[in-house]
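Colleague: In case you want the letters, here they are:
Protein chains: 2
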Amino acid sequence: MEDIVSIFGYLAAILTTLSFLPQAIKTIREKNTEGISFIMYGMFTAGVLLWLIYGLFIKDIPIIVANLITLILALTILFLKMKYSGRGTKIK
Amino acid sequence: MEDIVSIFGYLAAILTTLSFLPQAIKTIREKNTEGISFIMYGMFTAGVLLWLIYGLFIKDIPIIVANLITLILALTILFLKMKYSGRGTKIK
Numbered sequence: 001m002e003d004i005v006s007i008f009g010y011l012a013a014i015l016t017t018l019s020f021l022p023q024a025i026k027t028i029r030e031k032n033t034e035g036i037s038f039i040m041y042g043m044f045t046a047g048v049l050l051w052l053i054y055g056l057f058i059k060d061i062p063i064i065v066a067n068l069i070t071l072i073l074a075l076t077i078l079f080l081k082m083k084y085s086g087r088g089t090k091i092k
Numbered sequence: 001m002e003d004i005v006s007i008f009g010y011l012a013a014i015l016t017t018l019s020f021l022p023q024a025i026k027t028i029r030e031k032n033t034e035g036i037s038f039i040m041y042g043m044f045t046a047g048v049l050l051w052l053i054y055g056l057f058i059k060d061i062p063i064i065v066a067n068l069i070t071l072i073l074a075l076t077i078l079f080l081k082m083k084y085s086g087r088g089t090k091i092k
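Those protein sequences? They're chains L and U, same order as listed.
For the first sequence, our numbering gives the first residue as 1, with consecutive numbering after it.
For the second sequence, our numbering gives the first residue as 1, with consecutive numbering after it.
With the rest of the complex left out, here is chain L (with noise of 0.2 Å):
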């Protein structure tokens, strides 16, 4: 039982992590991010900085992995955000 506990904890980890991937990848190549919330992606990107200190403060490796990982992702959605916007629909 312990068992499949785990294996949801690490499917949940897996899928909320890596699901700032296709939003990344969408981003850099329609560079239209008019939708995106800016305040979100601030917010964002700040408390999972918060969550990747306090992984390492506890020395969990999951925690500082994944939010290692979202960090990265989540930054390059803010500063494409940020690069884009205000400039109309679509940039070539």
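One should not assume that every hint holds.
The list makes no distinction among identical chains, and a pair is therefore deemed to hold if it is satisfied within one copy or across any two copies.
To be verified - Quick list of in silico lysine-lysine cross-link-like pairs, BS3-like style, CA-CA up to 27 Å:
1. K31 <-> K81
2. K59 <-> K31
3. K83 <-> K26
4. K26 <-> K59
5. K31 <-> K83
6. K81 <-> K59
7. K81 <-> K26
8. K59 <-> K83
These are computed hints drawn from the structure, not numbers from a lab.
Guided by the hints, dock chain U onto chain L, whose structure is given.
Modeller: For chain U alone, kept in the frame of chain L given last:
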């Protein structure tokens, strides 16, 4: 020291959970989901649902509360993405 570490964890959870609120508000208001990745919100919602199940299994209140709030917000964004996708840029 342990208190400071806990504060980092709580702040991290609050930021990453509530970050989806400005995105949901923006999407409800602007009805523009062009830049948002459907695959991201599909994966993310599934992941958050698994986090919630995991939290219920291990009876961890912070995991349950944070992921219940995130699930409602992520489901809202996913639903709006499905509703408005493929309809051009902006719908009044």
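Colleague: Taking the hints in turn, state whether each one holds.
Modeller: Against the structure, the hints come out as follows:
1. In the homo-oligomer, the alpha carbons of K31 and K81 lie at most 27 Å apart both inside one protomer (9 Å) and across protomers (18 Å), since each shortest distance falls under that limit.
2. In this assembly of identical chains, K59 and K31 lie within 27 Å of each other by CA distance neither inside one copy nor across copies; the values are 37 Å within and 42 Å between.
3. Taking CA atoms no more than 27 Å apart as the test, K83 paired with K26 passes in both settings, with 15 Å inside one copy and 19 Å between copies.
4. Taking the shortest alpha-carbon separations for K26 and K59, neither the intra-copy value of 33 Å nor the inter-copy value of 37 Å comes in at or below 27 Å.
5. For a Cα distance limit of 27 Å, the shortest separation of K31 from K83 qualifies both inside one copy, at 9 Å, and across copies, at 22 Å.
6. Taking the shortest Cα distances, K81 and K59 never come within 27 Å of each other, neither inside one copy (32 Å) nor across copies (38 Å).
7. When the C-alpha separation of K81 and K26 is checked against a cutoff of 27 Å, the pair qualifies both within a copy, at 12 Å, and between copies, at 14 Å.
8. Taking the shortest Cα distances, K59 and K83 never come within 27 Å of each other, neither inside one copy (35 Å) nor across copies (43 Å).
In terms of the numbered hints stated before, the structure departs from hints 2, 4, 6 and 8, listed from lowest to highest.
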